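S.K.: Assemble the complex: chain W is given as a structure, and chains S, R, L, D, X, A and V must be docked to it using the hints.
Protein chains: 8
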Amino acid sequence: MGDAPSERRTSPPTMTHTRKDIKLDLERHERLGFDEAVFCSAKTTAHLTHILDQVAGRQLRLLLTRLSNQQLNELPEAHRTRIDYEPISRTGYFGVPHDLVGEPRVAVIAAGTSDVYVSREAARTLRYYGQPNVEITDVGVAGLWRLLERVDEIRRMPVVIAVAGMDAALPTVIGGLVPSVVIGVPTSVGYGVASGGESALRAMLASCAPGLVVMNIDNGYGAACAALRILRAIGST
Amino acid sequence: MGDAPSERRTSPPTMTHTRKDIKLDLERHERLGFDEAVFCSAKTTAHLTHILDQVAGRQLRLLLTRLSNQQLNELPEAHRTRIDYEPISRTGYFGVPHDLVGEPRVAVIAAGTSDVYVSREAARTLRYYGQPNVEITDVGVAGLWRLLERVDEIRRMPVVIAVAGMDAALPTVIGGLVPSVVIGVPTSVGYGVASGGESALRAMLASCAPGLVVMNIDNGYGAACAALRILRAIGST
Amino acid sequence: MGDAPSERRTSPPTMTHTRKDIKLDLERHERLGFDEAVFCSAKTTAHLTHILDQVAGRQLRLLLTRLSNQQLNELPEAHRTRIDYEPISRTGYFGVPHDLVGEPRVAVIAAGTSDVYVSREAARTLRYYGQPNVEITDVGVAGLWRLLERVDEIRRMPVVIAVAGMDAALPTVIGGLVPSVVIGVPTSVGYGVASGGESALRAMLASCAPGLVVMNIDNGYGAACAALRILRAIGST
Amino acid sequence: MGDAPSERRTSPPTMTHTRKDIKLDLERHERLGFDEAVFCSAKTTAHLTHILDQVAGRQLRLLLTRLSNQQLNELPEAHRTRIDYEPISRTGYFGVPHDLVGEPRVAVIAAGTSDVYVSREAARTLRYYGQPNVEITDVGVAGLWRLLERVDEIRRMPVVIAVAGMDAALPTVIGGLVPSVVIGVPTSVGYGVASGGESALRAMLASCAPGLVVMNIDNGYGAACAALRILRAIGST
Amino acid sequence: MGDAPSERRTSPPTMTHTRKDIKLDLERHERLGFDEAVFCSAKTTAHLTHILDQVAGRQLRLLLTRLSNQQLNELPEAHRTRIDYEPISRTGYFGVPHDLVGEPRVAVIAAGTSDVYVSREAARTLRYYGQPNVEITDVGVAGLWRLLERVDEIRRMPVVIAVAGMDAALPTVIGGLVPSVVIGVPTSVGYGVASGGESALRAMLASCAPGLVVMNIDNGYGAACAALRILRAIGST
Amino acid sequence: MGDAPSERRTSPPTMTHTRKDIKLDLERHERLGFDEAVFCSAKTTAHLTHILDQVAGRQLRLLLTRLSNQQLNELPEAHRTRIDYEPISRTGYFGVPHDLVGEPRVAVIAAGTSDVYVSREAARTLRYYGQPNVEITDVGVAGLWRLLERVDEIRRMPVVIAVAGMDAALPTVIGGLVPSVVIGVPTSVGYGVASGGESALRAMLASCAPGLVVMNIDNGYGAACAALRILRAIGST
Amino acid sequence: MGDAPSERRTSPPTMTHTRKDIKLDLERHERLGFDEAVFCSAKTTAHLTHILDQVAGRQLRLLLTRLSNQQLNELPEAHRTRIDYEPISRTGYFGVPHDLVGEPRVAVIAAGTSDVYVSREAARTLRYYGQPNVEITDVGVAGLWRLLERVDEIRRMPVVIAVAGMDAALPTVIGGLVPSVVIGVPTSVGYGVASGGESALRAMLASCAPGLVVMNIDNGYGAACAALRILRAIGST
Amino acid sequence: MGDAPSERRTSPPTMTHTRKDIKLDLERHERLGFDEAVFCSAKTTAHLTHILDQVAGRQLRLLLTRLSNQQLNELPEAHRTRIDYEPISRTGYFGVPHDLVGEPRVAVIAAGTSDVYVSREAARTLRYYGQPNVEITDVGVAGLWRLLERVDEIRRMPVVIAVAGMDAALPTVIGGLVPSVVIGVPTSVGYGVASGGESALRAMLASCAPGLVVMNIDNGYGAACAALRILRAIGST
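Residue numbers (the working numbering), protein chains in the order written: chain W, 1 to 237; chain S, 1001 to 1237; chain R, 2001 to 2237; chain L, 3001 to 3237; chain D, 4001 to 4237; chain X, 5001 to 5237; chain A, 6001 to 6237; chain V, 7001 to 7237.
Think of the hints as simulated: they come from the structure by calculation, not from any bench.
All values reported here derive from a predicted model rather than from experimental measurement.
Any given hint could turn out to be false.
[Said to hold, decoys possible] Partner residues are not named here, just some residues of chain L that face chain W (Cβ under 8 Å, in silico):
| no. | residue |
| --- | --- |
| 1 | 3033 |
| 2 | 3076 |
| 3 | 3078 |
| 4 | 3130 |
| 5 | 3205 |
| 6 | 3228 |
| 7 | 3230 |
[What the hints assert, rightly or not] Some chain S residues well away from chain R (every beta-carbon gap over 10 Å; in silico):
| no. | residue |
| --- | --- |
| 8 | 1060 |
| 9 | 1061 |
| 10 | 1068 |
| 11 | 1083 |
| 12 | 1099 |
| 13 | 1104 |
| 14 | 1132 |
| 15 | 1134 |
| 16 | 1135 |
| 17 | 1149 |
| 18 | 1216 |
| 19 | 1221 |
| 20 | 1227 |
We put the CB at the ideal spot given by N, CA and C, even for glycine.
Okay, chain W solo, but in the shape it has when bound (with noise of 0.2 Å):
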């Protein structure tokens, strides 16, 4: 504690989070070949409404991710209305997102009904940048045929989005199946050990099929921005 501070101030110096603190990278774009997506999870509507007022103005489309039901309701109606907005996932476009080009070249695949949540994620982005994709789910290696019936599909994609949550099997068997890039994204499904993802995680990168890549756990975003990298490697050259 001071020492004799004088009498209250009648205007206090009070801060809020300002225009100066947000920095939109507009020229992401061209250096990396897509723009800046904005993950919602820990801003105020304050925040958002600040981002979509910049990006409306200046007739931009933006990808929203993480982006929670009560903070879609709370944002002004304005906003709300332009965005396409996709619960499971938690994504939304706001503005139409890119046109799509050409055939599936990535396959997206959930192990369990209850990893959709970060597949979805994933599909929705490569949506947004106009990449069409192919999503399937419930083929977890526990049920082993439910895969081999759709291995011949997978395999005619260059990329495929492995998620999978507890024991994180489905990767592996999958690398060891097909010569596409396989990317694994862990989920934080489960309980006990496997709660938090933290055991599909190690599963994955310990995993015995060669070259299998590895994202963080939920991070659906990730591993599309990755099969984007991939492709456009694959286009430039």
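M.R.: Coordinates of chains S, R, L, D, X, A and V only, in the frame set by chain W:
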């Protein structure tokens, strides 16, 4: 952000969790000897309703695990009233369970009252599949004589499911007293170092009792399935 | 430091590991159905010699686990030549093992060659107790067809011991393919996140295959004991 | 202990690691696009010799990883002299590697000199499979300008393998500078919190750079396999 | 349970958190050079009110950290209106802060917008103690040029507080670019492996930048105190 | 799912937590020297009511720990009014506690105000069992002279319970200053690395003060029981 | 690297561990009731010799812990022959220990033979300070009757040191059987999840036995010091 | 394995660690204010020799850290004799260190004798860069008065490096006694929970002393660099 989005689409392509995301494993019974169960924990009301619609339509039964009171109450009344619900274990029988067959052959033992939410899940799962069993509670080893009084009763069962949290010494002591198959199930009960069940799990895995087998934390359902596999192995030989 | 020690004692009371420290569990057989085994890992030559003296004097047999080559070579010749030693599993039979009884009823499966040190320990323990078994190696799920070729053979066994390190997907896949009791044993093989077997252990505990039971890392001996408990439960009913 | 063992058998049934334990995956090439490699780390001389006998007999080539100097020296001379060994990466080519094809398309970057044991493993694996590549070393971000001097060179490669230990910031910085596919490989270099590579691994997985993919700690071989999957996906389209 | 309790007491000796539990450290200023601050996080309204009563009675000032909006609103109005509150950092000045002295000598840098809750706490603490400072936001290393534009400005400050979550590469890069004292503060922002700030903390501690010092996760207040110690050490020599 | 369930049963066999699940340890007093206490944390109102019914019926007393305000308020009024409740420690005396006997022989010391929820639990437990004690608060070692002023008072107590969170240095310092038995209790206070009490626990276990003994995180009740065991050992000799 | 070093100095200022680094705590006895002991584990021969020189010069006694056989053999003969060494506990008495006083008042119990290295350290420390004690070995709870045979003997001791590794259930069972002070000491014995003693430690801390106190892993010396504090507290009242 | 390797090449292209792998940071001095140091821990003799050749050729000086005795002895004699080596800290000065300038301004404090390997590294690094300093040893807080005797001396230094392992309470106590900048360095000394320094690290990060800054475990070199940054910040203003 993209560069030149056109105007807003009139009918947004919002996706929802549709039928194709859910694929019940109807052949599991003949393959593994028991039907599929539905782990309700992370599922929405829509999700659960869709599953029950399918089952009801085919005149099937279903075991529901980790079904919260709130989830139960949000189900359509037609489904809700068909469910035999037990709140401590959070299990529900949709339709009539399998007929009970034979004498009790499994002892389901909980170290303390606060472990019953797991032991009851095991007992209810066994009951669903028609397997009679004996529940024994409050025989933790910090009050050893409570266990010793019941040892003869326990020894008569070919399979023992021993549920315990915190120090989890119960399965070790039982495993040294009886020749039965002992399945240890750690619980997430407790606080501080015990919290989450990790200590109980590790203590069971490190047990000095030869041949003690272990399940994931709180996995009463899995312990019952293991017991069923064992009893069927017995039956098949 | 004390204040005024007198002169040096002539005969120092140096203690050593004496007989009274070692108490073999000779009644275990009737209580649990199998004899005591000696875990040699942290024991000195003097220690082991003392144990073998006791056993030899009573004309008994003994199973030795985690007996290193060096430990074996440092034993007195009279003991060493009575030991049937297998170097990969580091197991030794002191005296003649129990007579083999009946047909093989346990499949002992190792995902890869480097997991054999554990699966062989299980197989040797089973053999010691007179239980015929079938060893199957190099059927890791990253090369799935190798496993699928053997599934029918595996399904005929009431008990399956599935040993795997790294991603440890093998027991999950088997547990979804056959109705037998599946005992998962994680191994400490690997490096990085896999190292120590913690990832394999967690993947097995979190398995989606219903009723999969799990042992401590590298505990092939324990898996065999569990199999014996199961087979005796079968026999006793 | 058993009750009445008879006398010592004359020919002990000591088992050793025999042929049947080792099953080389000769069909992997057509299935996945690259041959099997042998991870030598936990293998004995007898083990390795047996594998090389098989390969030599069929006039095949083989990639050996984690082959220590000591292991190399203990091999039979006929085998040892056929191995092109590189001590930093501990890799060996048994037989002549695949012919180099095309221009370099992979940049293999090590943050510091002490990370070269991993980046060289990746480079040597790529070379073995005939893929030219460019090695860049000592461009850690604590001395940022060293990296910035090389950015244009890096950007020309469709695939970048970025190897780093400790804070592991290198892949994040590269992933924000170039649109290529960036594969992060954490190393186990360092001490204290860095030791074992766990910190580096987590920092890479948590990276802010969109689409960065990650391998297990020290897994240079796996990173090369991922790069090959990517380049073949490019080639196949 | 005891054996023979008599009847119920009329006035129960219920204790509450009374004055004697709270002992403000009024001499800290002369001993350490700055007054005590109150960490409000786990404190009740009664608790906080009691503290503010004491301070108000002595005409002192006080810094409040981790003061939630709800806690603020539950304070008596007389106290609440004397508090200059900043919601992002959750800091409050009770009474007038120390007079600003001299030029800015600390740069407070946040890697991303979502790290501002911590950097603002540092900036507000510095301001409270009369230390002018410069806040810089959204200069994460995944978009490197944003940082490079500000390097000259940063280099002019003798002390730099670098706040970052997730991969936490920012302090390392700054520590390699400027000779100032760099204080790294990890944030608990993120999900999956990043969650809780443990990964960011470890990455900073393992940094390759020589002489980088680190604070506990989210400890913006502590970083400001460290900066004040440094600047006073400068002043005292 | 089963194959042919018949119609819905009229009276579902829904089980609830019944009497047989709860078995109070009424003989504990003569065996261990203190009665059973009820850890209320995970118990339902029905649960607690059932226990209190039993105790009230037998005219016994009972110590309730971790009893939340909400749990208290949901109890039947007849029970609630018999409880002497202390909100900080969340302890309740059901019935009149044991008579106080003798002089204070335990010092219960909390490093900071926010640790009082644990030290008060210890003090209240001691009081319940009739053991007078002295509470000392806000003597954390970051303000060392506060502790030094009280050292003589502390030294007069044969048993010292030292409660501290975060760095948990208090028990070490006390253990080096007085010859009393020092029982360290870590608290879960704090954030970042401190959160959960794991750091405080480990610091106490690793203490350089010889003979410091440690309890689980937040276990004030256990520390009091340990003190009682010690004082009774003294009394019995 | 600096800019212009001159020539090589003739007498390098190489420092070594000199007297001033070592400051024996000679007043500890009057302050805490027992002398300083020397933890030899990381000390060099020079280090130890210097300490013993000091002690020998003053005609004092000293307890040496964690003194390896190799360290012992490298000491100067004059010192070595004055040491009464016990190899299992790796303890040495330099000079004559304190005179034994009174009857045994401490039971030192080891769950298994492989835990004796810790229980013996406790017993030897007690002996050094003149405290008679009773060692009991091989009473692990997996063979419960071995413990039950000794319970009456144990109950007569006011203090019990219970040493156990792996599942560490022994102290919990004892703490529920006798009213004595029970000090649990986890050992680092075991493999897999048990390895390092972390599981044993956590199981003891989470024990259901009220008032069980715990030491660091393998800290037999500390347990003895705790016992001495307790017995002196008894003596002083 | 490949398909048709030709014959063995006569001159294998075995690569070794060549010049291009090593890039000394010669401009670091002007950028950061101190020269590059070489962390020798994982470097081979060839590696170190190559570095010293470069430095010797340019008439430069160099600081070597973590240089083992064995590494030193394997260097070419011409290099070895130019190194002023200190074995406890494992540091070497190649060439003459910077001239000492001014009075001591850093106190380097070690809690115990076994922490000196780290504090000496800090002291030697400071000496190398010409910064006089004062070493203080054996002032751990378990014997508090040893520290209190030195407090005035410590308070005169603007920077304090406080090195401690195990409970690591020393920096907290110092940070509450003096207004200097306190840099905590945890050491990896100890066993059980202390082992590896993780507990000490966490205790320091969670310290209650405001403004305590922390380094990686055992990082005495880094602490010295931080001190130098601080002292230069002082000098530059």
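S.K.: Now, for every hint given, state plainly whether the structure supports it.
M.R.: Outcome of the hint check:
no.: 1; hint: 3033; verdict: 4 Å, holds
no.: 2; hint: 3076; verdict: 28 Å, violated
no.: 3; hint: 3078; verdict: 28 Å, violated
no.: 4; hint: 3130; verdict: 16 Å, violated
no.: 5; hint: 3205; verdict: 4 Å, holds
no.: 6; hint: 3228; verdict: 7 Å, holds
no.: 7; hint: 3230; verdict: 5 Å, holds
no.: 8; hint: 1060; verdict: 18 Å, holds
no.: 9; hint: 1061; verdict: 16 Å, holds
no.: 10; hint: 1068; verdict: 21 Å, holds
no.: 11; hint: 1083; verdict: 21 Å, holds
no.: 12; hint: 1099; verdict: 20 Å, holds
no.: 13; hint: 1104; verdict: 12 Å, holds
no.: 14; hint: 1132; verdict: 14 Å, holds
no.: 15; hint: 1134; verdict: 16 Å, holds
no.: 16; hint: 1135; verdict: 20 Å, holds
no.: 17; hint: 1149; verdict: 18 Å, holds
no.: 18; hint: 1216; verdict: 4 Å, violated
no.: 19; hint: 1221; verdict: 7 Å, violated
no.: 20; hint: 1227; verdict: 8 Å, violated
Figure legend: structure checked against the earlier numbered hints; hints not met, in rising order: 2, 3, 4, 18, 19 and 20.
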